[in-house]
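Q: Residue numbers (my numbering), protein chains in the order written: chain A, 1 to 362; chain B, 1 to 362; chain C, 1 to 362; chain D, 1 to 362.
Since the hints were derived computationally from the structure, they do not count as laboratory data. Some hints here could point you the wrong way.
Since the list gives no way to pick one copy over another, a pair counts as held whenever it fits inside one copy or between any two copies.
Pairs of lysine to aspartate or glutamate, DMTMM-like flavour, derived with a Cα cap of 20 Å [claimed, not checked]: (1) Lys268 - Glu61; (2) Lys358 - Glu86; (3) Lys268 - Asp317; (4) Lys314 - Glu267; (5) Lys200 - Glu322; (6) Lys66 - Glu21; (7) Lys276 - Glu322; (8) Lys276 - Asp313; (9) Lys99 - Glu170; (10) Lys66 - Asp204; (11) Lys358 - Asp313; (12) Lys113 - Glu359; (13) Lys66 - Glu272; (14) Lys358 - Glu96; (15) Lys66 - Asp112; (16) Lys276 - Asp169; (17) Lys99 - Asp177.
4 protein chains.
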Amino acid sequence: MSFNSLGTLFTVTSFGESHGEAIGAVIDGCPANMVIDFEAIQHQLNRRRPGQSGISTSRNEPDEFKIISGIFEGKTTGAPITIIIENKEARSADYENIKKFYRPSHADFVYDKKYGHYDYRGGGRSSARTTAPMVAAGAIAMQILAIKNISICSYVSAIGAIALMKNFDELNLSQIDASSVRCPDIPTALLMENYIYDLKAKGDTVGGVVKCVVRGVPVGLGEPLFEKLNANLAKAMFSINAVRGVAFGDGFESAQSLGSIQNDVFEKIGAEWHTKTNHSGGIQGGISNGMDIHFEVAFKPVATLMQPQTTADKNGDQQVLEASGRHDTCVVPRAVPIVEAYAAIIILNQLLIQRASKEFAS
Amino acid sequence: MSFNSLGTLFTVTSFGESHGEAIGAVIDGCPANMVIDFEAIQHQLNRRRPGQSGISTSRNEPDEFKIISGIFEGKTTGAPITIIIENKEARSADYENIKKFYRPSHADFVYDKKYGHYDYRGGGRSSARTTAPMVAAGAIAMQILAIKNISICSYVSAIGAIALMKNFDELNLSQIDASSVRCPDIPTALLMENYIYDLKAKGDTVGGVVKCVVRGVPVGLGEPLFEKLNANLAKAMFSINAVRGVAFGDGFESAQSLGSIQNDVFEKIGAEWHTKTNHSGGIQGGISNGMDIHFEVAFKPVATLMQPQTTADKNGDQQVLEASGRHDTCVVPRAVPIVEAYAAIIILNQLLIQRASKEFAS
Amino acid sequence: MSFNSLGTLFTVTSFGESHGEAIGAVIDGCPANMVIDFEAIQHQLNRRRPGQSGISTSRNEPDEFKIISGIFEGKTTGAPITIIIENKEARSADYENIKKFYRPSHADFVYDKKYGHYDYRGGGRSSARTTAPMVAAGAIAMQILAIKNISICSYVSAIGAIALMKNFDELNLSQIDASSVRCPDIPTALLMENYIYDLKAKGDTVGGVVKCVVRGVPVGLGEPLFEKLNANLAKAMFSINAVRGVAFGDGFESAQSLGSIQNDVFEKIGAEWHTKTNHSGGIQGGISNGMDIHFEVAFKPVATLMQPQTTADKNGDQQVLEASGRHDTCVVPRAVPIVEAYAAIIILNQLLIQRASKEFAS
Amino acid sequence: MSFNSLGTLFTVTSFGESHGEAIGAVIDGCPANMVIDFEAIQHQLNRRRPGQSGISTSRNEPDEFKIISGIFEGKTTGAPITIIIENKEARSADYENIKKFYRPSHADFVYDKKYGHYDYRGGGRSSARTTAPMVAAGAIAMQILAIKNISICSYVSAIGAIALMKNFDELNLSQIDASSVRCPDIPTALLMENYIYDLKAKGDTVGGVVKCVVRGVPVGLGEPLFEKLNANLAKAMFSINAVRGVAFGDGFESAQSLGSIQNDVFEKIGAEWHTKTNHSGGIQGGISNGMDIHFEVAFKPVATLMQPQTTADKNGDQQVLEASGRHDTCVVPRAVPIVEAYAAIIILNQLLIQRASKEFAS
């Protein structure tokens, strides 16, 4: 039950702080003898890294990784895989506000009260920068899932009130990276981009929604009652900074709906079972049913504003917190590869669990 | 990593099937020397049990529990506490449809494909009946939390499109059980009840939302990065049957909102820290901040309809599944004590974890 | 990390006290669709139960089990399997000493100090009676291992200073149950029996050693560095009451020996790899090497004497603790099926873990 | 259940291979706000490192560590602590034998068969070099235990047949490091040293025993039935390379003894409880009883001989494996700080677990 580990058979242990020497992760339980594509890892890191476009923070971290264990002659050995990403562009000048204030809706306050001593620099351990090595680990998981024809992709389905009206199967998912907001519907993407630039000019921030679609998952992943597939995916998503909500299939809309509308009736075409609709999001009773798994992740707006905020400083005195530092107006486009990574880690973990007992006698 | 255990230091292991001899749970890690109030346990079971009102299923299970270990002379001993609830009113006549069909949006299909052999009677292991011993275990957790002045309460905030417009701190939460729908706003409750009776007449079902409020949680519960308080609460909620969405604080609405609106600024009144607003839902960076924790849980409609449905039978032939059995039109009011129980188990677990290392040197 | 659970994928959770209503266990993660032989379970329980021969305690528990979940139509369903064994012959008259004294080398003292409140009747939770449901769970594990041609057998290799001089492969292991001491070498068994009867007459007790041999384990079970096969077997053995030592292969003798003697050199006969000797006990680097796994478990003498002992009572006053109750002179023969059961649980657990990632790409 | 993690609340995750870029460990769950003494860590690493004396291997690794996360301004923050030790003196010339042979009583064979692909250089992941970062992690645990007045010390009690006859409380434990063999009885130490030099001249190796004594452990550590203190200590010890046996208190001798001799009777002196003897090794029923905890760990001889051995090569052909490389004649003296480290990790972990629920109501 390591607090900083995600997964149980395929386990990723995270370490490092935003402005420390390095951040990293140790992958345990990775199947052996797997060829690893290092460029594919860097590709996902590049999609997450700061400074990648005009709408993201100007902190310019290359986020180049190195792997110092667990891979020998290009292939996994079954031993722990250690990923290290150095922190290059840490600016100490940005720390003064953090030393003086518990910044609103940041974790400074709870870290200070919980631990009594914390690394405040750039948010330290609570920074979303800790997701970078998880993205690298998730990229490895995605490669291993690909062997079993399982693919994961995410995109931005809403920024503020600008929401994509089309369902995932109506979209051209190859267009996700065509815009800086990672919304595959280009007209909607343009609206989103403009909206973000407007808010950036005002020093405000905005939330949004990432939709995730997992294809090729066989029937049977997920272990009721308490290692259900949806429950573990949700736990992983809520581990990502700024997440406020997770919903599968029709999600909160299904709560407003009727059974006669929501039920997914079965059909068998040849040897293959399907459901005619997929309101359930590909999971029933906590177990994958072979349909596409799909869910939404809601992100609140970035807490650091480029506007003054009146709040209490660490002494409890009401003061004006002035804007400073380098921050995103909307972090949701950068969250796309993060959602993919965390989903990949969970899916691979549950796949390994399912393999353990499946068809034992045969 | 027992699949049927919830929690890590305070652990509840579930067992039993809907129409087997009994269902039950084993609580491990319960603090010793605690006086247990058995009536309080039965009270929560009564709030969950079928047949309690006109809007719930007519299956009439008394859901009386017995405890066969771990409590000696009325007090916990630190040894595992075993709760047993017998299944009394199991009617085998209701099984024919389940044997013949994979019922739409039920777990029959995935259980059959995953395990190769399953107890189909009344949904077997996938039945929501398995939540009963968890409610008993949660009632014990609630008693122990009460010693630390932590209280948990839930209510129905929406049935279908009928949603409560008031925030939790505007409601009289002592009125939750005043209506059969467990909505503390009586006019809204009446609308909900009427709506449910209408749908019952049509043989249809409807979803809804349960709101949960946890008060008195001290600052510091939750272990980043991967045992965060919100992440574990979400995982627990998604372990409940029919849950499609979980959202903390402003939830999905925060994704549509701006940082300048969503940020919770700090104030210190005397020695006490507060945030002026609570959009975050009492949790920041995965750690409780001392404010009320609040979240919503979305339930899809009950999958069993009292209407015919055209679907494939187990042979793959399209057939009409006729309605039968005893089922709820809307299960959401009965989910209220379930949400409380699962929340209590998680909160107590994280409280124990926090105690382990807190103020170690002192 | 439930304190009362053994195993991680195949998990057995124990509950119950010696003189409570019942003792039992919940098995989680058992492969589905396995036919269970109930008589084989009872057979192992009978080998463990008290009152089975003149050298065991006269407490006469039938130790009949019932299974109330997880098995449907004679086969496992993948859901938790709950085993219940009622306590029948609990005599409250025997409790007076336990209430008054912390009995020497019993757990009364540590339970009282640790928990503040404990069930003292018959040792309560600390009684070796809690091994009974584990034996039943182990009997199920043994049946599942048998499908993969893995067999486990144990025997008594020493009682006091009377030690079996032959190696396990020189013995007729079908003779284990031919004597009440479960030593397969009949002349040695007779010496042991006589020795025990002598000590019984004196009111003293004696320790001994159980040897365990596991055959048919494929190469590759065990996960370094910290889920090694030997490490987990050792942990399980030390979970058994009264165990003081565990040693694999040549054990403590190897510490006195030379590398030139201890090394197990390889040979390949046809397609099969072997080691010419097996000083390692079938495990190298924490991983099974395909040879027979063998280890020894040392049990201290039973702590309850039929002699007076001068010790402190719970007030701290030195007093004479008079003999009472029903107890074994030597518990080691009854430990034979216990060692088998715990070994089976561990081996099956590690087999499931190994299946999860083995030959992933194929 | 990360395979490469030791502990559950205080967790140490190991990574790295003998001849890779670096080895290391991530500590999770370390209490926050603890001042760390870096020299004390290096001291323990120096006691373990190769090349420290004439009886150890000539591989000359400085084993200097760096910590790249989790410590800020000299104090722990509660975030994961990452320890890195670079591999400096890796000589590829020594690999030829390992590529060609499954070396007798090494893990080459099982790694190859289990993983299909492994880092053979210097034994790779199976090398005892992986214990170095664990020693550093253990040194941190020892510092934290010292705050609670718990101390751990180990020494060599036997090399081959040369065994220390004195009990631990008859020895001057400040003399442990006075000899290169780490036996605190100087005359015995001289015998041991001479014996090792004799064997070194012959190219042979020898096993031995490490005794470990833990003082100051309060009553109540250890969680029956399956997280007992002795069981977890034993599991940790068997995780150390070359360990063949573990025994608590009188160990295997107690199996030869009588209850009337072995029982530890109680006495109360003032407010303090003691047992007059300590045959149990400070643990009863799996729980510490407040007396000194003591146990022995048996190490087999080093498997690499400086003698030719006839064995099968990887093709299965019988060949002579010639001696090469740099290896210890007897690794037991270097195991002393390893045993201390692993014991410290377990004791601290169980202390944290005990704190979680202890005196909950107060």
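Q: Each hint should be assessed against the structure and marked as holding or not.
A: Evaluation of the provided hints:
1. Taking the closest pair of Cα atoms, Lys268 and Glu61 never come within 20 Å of each other, the shortest separation being 51 Å inside a single copy and 37 Å across copies.
2. With identical chains, the CA atoms of Lys358 and Glu86 are never at most 20 Å apart, being 41 Å at best within one copy and 31 Å at best between copies.
3. For a Cα distance limit of 20 Å, the shortest separation of Lys268 from Asp317 across copies, 8 Å, qualifies, whereas the shortest one inside one copy, 67 Å, does not.
4. Taking the shortest Cα distances, Lys314 and Glu267 sit within 20 Å of each other only across copies (10 Å), while inside one copy they are farther apart (61 Å).
5. Only within a single protomer do Lys200 and Glu322 lie at most 20 Å apart by alpha-carbon distance; the minimum there is 16 Å, versus 57 Å between protomers.
6. In the homo-oligomer, the alpha carbons of Lys66 and Glu21 lie at most 20 Å apart both inside one protomer (14 Å) and across protomers (11 Å), since each shortest distance falls under that limit.
7. Taking the shortest Cα distances, Lys276 and Glu322 sit within 20 Å of each other only across copies (19 Å), while inside one copy they are farther apart (54 Å).
8. For the homomeric pair Lys276 and Asp313, the shortest alpha-carbon distance between copies (14 Å) is at most 20 Å, but the shortest distance inside one copy (56 Å) is not.
9. Proximity of Lys99 to Glu170 under the C-alpha cut-off of 20 Å is found in neither arrangement, the shortest distances being 48 Å within a copy and 36 Å between copies.
10. Taking the closest pair of Cα atoms, Lys66 and Asp204 never come within 20 Å of each other, the shortest separation being 36 Å inside a single copy and 41 Å across copies.
11. When the C-alpha separation of Lys358 and Asp313 is checked against a cutoff of 20 Å, the pair qualifies neither within a copy, at 56 Å, nor between copies, at 24 Å.
12. In this assembly of identical chains, Lys113 and Glu359 lie within 20 Å of each other by CA distance solely across copies; the values are 11 Å between and 50 Å within a copy.
13. In this homomeric assembly, Lys66 and Glu272 never come within 20 Å of each other (Cα to Cα): the closest approach is 43 Å inside a single copy and 40 Å across copies.
14. Taking identical chains as interchangeable, the C-alpha atoms of Lys358 and Glu96 are never at most 20 Å apart, the minima being 56 Å within one chain and 28 Å between chains.
15. Taking the shortest alpha-carbon separations for Lys66 and Asp112, neither the intra-copy value of 32 Å nor the inter-copy value of 25 Å comes in at or below 20 Å.
16. Taking the shortest Cα distances, Lys276 and Asp169 sit within 20 Å of each other inside one copy (14 Å), while across copies they are farther apart (43 Å).
17. For the homomeric pair Lys99 and Asp177, neither the shortest alpha-carbon distance inside one copy (37 Å) nor that between copies (46 Å) is at most 20 Å.
Hint compliance for this structure: hints 1, 2, 9, 10, 11, 13, 14, 15, 17 are broken, all remaining hints hold.
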